[in-house]
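Undergrad: Hey, can you work out the whole structure from these sequences and the hints?
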Amino acid sequence: MSAADRNRVDRDVRVDWRTCLSLVGAVMVALVVPLLATAGVAVVSGEPPTPFLVTAGLTLVVGLAFGRYERGDLGAREGYLIVALVWLAIAVVGAVPFVLAGNGTLASPVNALFESTSGVTTTGATVVENFDAHGRAVHLWRAILQWMGGLGILVIAVAVLSQLSVGGAQLMETESQTQDVNKLTPSIEQTARLLGGIYAGLTGLMVLSWLALGALGLGSEVTLFDAVAHAFTAVSTAGFSPRAGSLGAFSPAVQWVTIPFMFTGATNFVLLYYLTQGDPSRLLDSDEFRFYAGVVCFLTALTAGFLFVSGQFAAVEPTLRHALFQVVSILTTTGYATVDFNVWSPAAKHVLFLAMFSGGMAGSTTCSIKTLRWIVVVKSFRRDLFTEIHPDAIRPVRLSGRVVDEGVIKDIYAYVLLSVVVFVLLTVFVVTDAARAGVTVDEFTALGAAAATFLNIGPAFGDAGPYGDYAFFPRTTRMAFIVLMWVGRIEIVPVLVLLTPAYWRS
Amino acid sequence: MRVVIVGAGEVGSTIAESLAGSHDVVVVDVDTERVESLTYSLDVLPVEGDGTDVDTLAEADVGDADMLIASTDDDETNIVTCGAAKVLGDAFTIARTKSPKYLKAWERAQGAFGVDFMVCTDLLTAEAIVGLAGLPTAQDVDTFADGLVQMTEFEIPAESPVAGQTVAEADRFDSLTFVGIIRGDEVIVPQGTTELRGGDDVVAIGSPESMRLFSSSIAPEEQGPEDVVIVGGGEIGFQTARLLEERGFTPRLVEQDEDRARWLAEHLPNTTVLNSDATDQDLLERENVGLADVVVAALENDQQNLLGTLLAKRMGADRAIAVVDTGNFTELFEAVGIDVAVSPRKVTAEEITRFTRARRAENVAIIEGDQAEVLEFEVDADSILVDRPIRESAVDFPESVVIGAITRDGEFVTPRGDTVVREGDHVVVFTETDVLETVTEQL
Chain A
0 MSAADRNRVD
10 RDVRVDWRTC
20 LSLVGAVMVA
30 LVVPLLATAG
40 VAVVSGEPPT
50 PFLVTAGLTL
60 VVGLAFGRYE
70 RGDLGAREGY
80 LIVALVWLAI
90 AVVGAVPFVL
100 AGNGTLASPV
110 NALFESTSGV
120 TTTGATVVEN
130 FDAHGRAVHL
140 WRAILQWMGG
150 LGILVIAVAV
160 LSQLSVGGAQ
170 LMETESQTQD
180 VNKLTPSIEQ
190 TARLLGGIYA
200 GLTGLMVLSW
210 LALGALGLGS
220 EVTLFDAVAH
230 AFTAVSTAGF
240 SPRAGSLGAF
250 SPAVQWVTIP
260 FMFTGATNFV
270 LLYYLTQGDP
280 SRLLDSDEFR
290 FYAGVVCFLT
300 ALTAGFLFVS
310 GQFAAVEPTL
320 RHALFQVVSI
330 LTTTGYATVD
340 FNVWSPAAKH
350 VLFLAMFSGG
360 MAGSTTCSIK
370 TLRWIVVVKS
380 FRRDLFTEIH
390 PDAIRPVRLS
400 GRVVDEGVIK
410 DIYAYVLLSV
420 VVFVLLTVFV
430 VTDAARAGVT
440 VDEFTALGAA
450 AATFLNIGPA
460 FGDAGPYGDY
470 AFFPRTTRMA
480 FIVLMWVGRI
490 EIVPVLVLLT
500 PAYWRS
Chain B
0 MRVVIVGAGE
10 VGSTIAESLA
20 GSHDVVVVDV
30 DTERVESLTY
40 SLDVLPVEGD
50 GTDVDTLAEA
60 DVGDADMLIA
70 STDDDETNIV
80 TCGAAKVLGD
90 AFTIARTKSP
100 KYLKAWERAQ
110 GAFGVDFMVC
120 TDLLTAEAIV
130 GLAGLPTAQD
140 VDTFADGLVQ
150 MTEFEIPAES
160 PVAGQTVAEA
170 DRFDSLTFVG
180 IIRGDEVIVP
190 QGTTELRGGD
200 DVVAIGSPES
210 MRLFSSSIAP
220 EEQGPEDVVI
230 VGGGEIGFQT
240 ARLLEERGFT
250 PRLVEQDEDR
260 ARWLAEHLPN
270 TTVLNSDATD
280 QDLLERENVG
290 LADVVVAALE
300 NDQQNLLGTL
310 LAKRMGADRA
320 IAVVDTGNFT
330 ELFEAVGIDV
340 AVSPRKVTAE
350 EITRFTRARR
360 AENVAIIEGD
370 QAEVLEFEVD
380 ADSILVDRPI
390 RESAVDFPES
400 VVIGAITRDG
410 EFVTPRGDTV
420 VREGDHVVVF
430 TETDVLETVT
440 EQL
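Chains as they are written, first to last, in numbering that gives the first Met the number 0: chain A, 0 to 505; chain B, 0 to 442.
Read the hints as simulated data drawn from the structure, not as lab findings.
From the derived model, a few chain B residues whose C-beta atoms are all more than 10 Å from chain A:
no., residue
1, V53
2, D292
3, D408
Short derived list, chain A residues pointing at chain B, Cβ under 7 Å:
no., residue
4, D391
5, A392
6, I393
7, P395
8, V402
Keep in mind the model is a prediction, meaning the values are calculated, not measured.
By construction, the Cβ of each residue, glycine as well, lies at the ideal position given by its N, Cα and C atoms.
TA: In structure tokens:
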């Protein structure tokens with residue numbers, strides 16, 4: 000491109016896309032490391048490492064090419080583009096090994112991209128029909144994609160989203176998030192490293208506790224591979240499992256031990272940092288944490304009650320365990336299952352459907368709407384009821400003692416409304432598209448699948464249930480799911496911003 | 000003693016008035032007329048000029064002064080004046096501030112800004128209001144010895160069961176001493192046989208708990224107040240609400256300015272802030288202000304405070320406390336039905352006056368109409384009290400002096416005839432104003 004041409008383009012486009020591409024290139028170059036590691040595992044397991052080596056080579060070349068763009072200063076505008084592009088790039092790179100390996104349903108490019116997007120967005124919805132058709136390396140790659148997705152959202156949430164006015168993300172600032180993070184370390188880079196450290200530490204702890212259970216004879220079926228693959232997808236609240244039976248393939252002890260890791264993965268990592276520094280009061284005094292824990296307890300009691308009434312399980316322990324596990328798994332947006340909850344009574348199933356819309360705490364790896372937004376909605380609604388009786392009263396909404404800005408409350412209402420609208424539209428699309436393609440999709444399955452993908456949960460109900468898969472949906476529906484998993488993970492707004500003409504012009 | 004007072008406003012002239020008789024007083028003010036009118040009524044030396052200007056201070060001979068009191072209406076001016084005075088000499092500097100923010104900094108490092116003592120008018124006023132709000136029938140409340148001892152002036156209503164009882168009958172509380180009865184213009188030192196009459200003001204000294212008990216024996220039908228409404232969200236209103244919150248109340252606060260109301264709501268988590276005009280009858284009815292136990296008016300001026308509290312009283316509020324800036328209005332307010340009028344000027348003067356005594360009292364409370372004072376002293380080796388039972392030393396000091404309370408090592412001691420006072424004890428003493436000089440020397 001000649002200098003004159005470049006000047007003309009720059010005049011029209013006000014976003015520094017070169018810098019964005021250059022940074023995306025850097026991320027792609029970094030992806031070579033996990034790709035090579037997976038190739039190594041393939042060699043050890045006696046599987047062909049070629050798909051991963053080839054992908055690594057391609058990624059390196061493309062990444063280096065992008066990286067050659069000149070880097071300038073990053074502004075808010077570039078932030079939106081980077082967030083959107085990074086997730087897209089990892090999803091595309093992640094899909095390549097599946098296609099190259101060419102096994103089972105993952106051989107089709109759409110399915111490969113679905114699986115990869117579901118991985119990196121920490122969704123956990125799968126199109127794998129036969130789990131044995133894929134080698135260990137492919138299963139490990141699925142887990143690694145989710146682990147990277149979880150780490151990415153932690154870093155992005157702190158470093159980028161909190162700087163942009165993404166609905167509710169500024170709230171992290173009022174909610175003691177960014178401010179305290181800034182206090183503990185001066186730079187975003189250091190903060191990201193600290194949070195990443197906690198994330199890695201939790202993952203390591205889970206691997207060790209699974210292995211310990213195996214060694215103690217409480218989970219004889221646990222292998223090192225299982226421990227690592229599940230630790231990668233539990234702490235990231237993502238939910239892929241190399242086993243067709245998900246967590247149902249393991250002993251009750253292993254299932255019990257996994258619950259706190261999913262729960263912690265959906266807890267605000269900044270508050271976890273203070274916990275590791277010997278200051279549990281910040282976590283325990285946080286309004287949002289109490290709300291989150293309260294919602295988990297309430298929905299668990301409800302589910303256990305319905306299961307007990309319908310006589311699903313004979314004894315008390317399995318009733319409690321399965322109720323708690325499923326509620327935590329769905330609410331934290333992980334998506335494991337210890338049992339096929341499809342066969343539960345409608346009441347219990349609908350409680351799980353309700354849990355899909357909660358999500359865990361902001362500032363964690365969780366997806367969905369998040370308890371932070373819900374607690375603000377609840378508090379501001381209660382405030383509105385109060386001012387109904389006392390029209391002159393001024394009553395700010397407080398979160399853990401700090402005042403929430405009225406503008407932020409408005410953004411949060413807008414976000415919740417937007418989420419519900421997108422969810423309804425997606426459901427309607429799923430049903431109509433299935434009718435067009437002649438596939439039978441009942442309404443509850445459509446509702447479940449729309450929520451499970453757009454809110455990044457994973458398993459839904461019906462054929463897309465915990466022991467089912469998404470491969471039966473028409474191609475167009477699967478493509479819509481791919482787009483909406485991506486949109487949902489980066490909190491809708493950055494994508495919508497990219498679609499406004501004003502974003503690209505001055 | 001040579002005292003320089005900077006600022007001849009309400010507070011400055013009150014202080015000048017009380018000091019002019021016994022000290023050399025210099026008054027500095029930028030306003031020529033104010034300084035002139037002061038010299039006509041008081042024996043003070045006027046200096047016209049800006050107190051923050053070193054030349055002006057030099058003209059007032061601050062270098063040789065023993066004390067400088069900066070009492071203008073502007074916080075920053077007062078602080079800078081003290082700082083400038085420190086450059087010229089070693090006068091003891093007192094700054095009056097309205098906002099507690101400077102007090103916060105000063106309390107961390109006393110002597111900061113070149114200020115030796117800082118008096119925060121609005122905070123003191125709020126403390127006085129909160130003390131009064133908690134005690135039905137109390138007219139004046141002051142705390143001594145870090146809050147261990149409380150002085151309260153109670154008005155005995157005619158229908159009170161206490162009216163008609165003798166002091167011995169009414170005083171059923173161990174850690175409480177009746178130190179004075181004010182009947183009209185007369186101060187009576189109570190004896191066991193003295194009869195309490197309706198309309199008397201009884202001055203009692205004792206533990207805060209005993210004050211609450213006595214208060215409920217004066218007015219048994221009055222429960223402790225729960226519902227407090229504050230009108231006016233200025234600094235005094237804000238501090239009052241804050242202090243009430245600290246004591247577990249959930250007050251309501253009415254503020255007219257929307258931005259200020261929002262600010263207040265954000266800083267007072269347990270207060271319901273209402274954004275409205277406090278004299279709007281619709282609002283008062285909508286919010287059931289008539290059912291309130293206590294209504295506090297801390298609006299911008301005396302007229303509004305009077306109107307606000309009268310409206311609330313008319314609607315049925317139990318008790319009305321109004322802030323009165325103009326000292327002379329105190330009695331007028333109380334005459335038209337306001338239960339207590341609190342004057343920021345008076346509470347400020349009480350704080351500052353103690354530094355001007357020959358021996359510095361730890362705390363001073365001036366009883367209504369300046370007829371008597373309650374003082375707190377630390378007993379030193381020269382005191383006539385030291386190492387003697389009170390029965391013996393009482394013979395040596397004037398009759399109109401009563402020892403109300405003693406604190407020893409942070410513990411409350413009820414003074415009885417055989418109590419032996421030790422060096423280092425804090426005594427809280429009631430004394431008539433005319434024997435003040437003698438008492439301060441003896442004790």
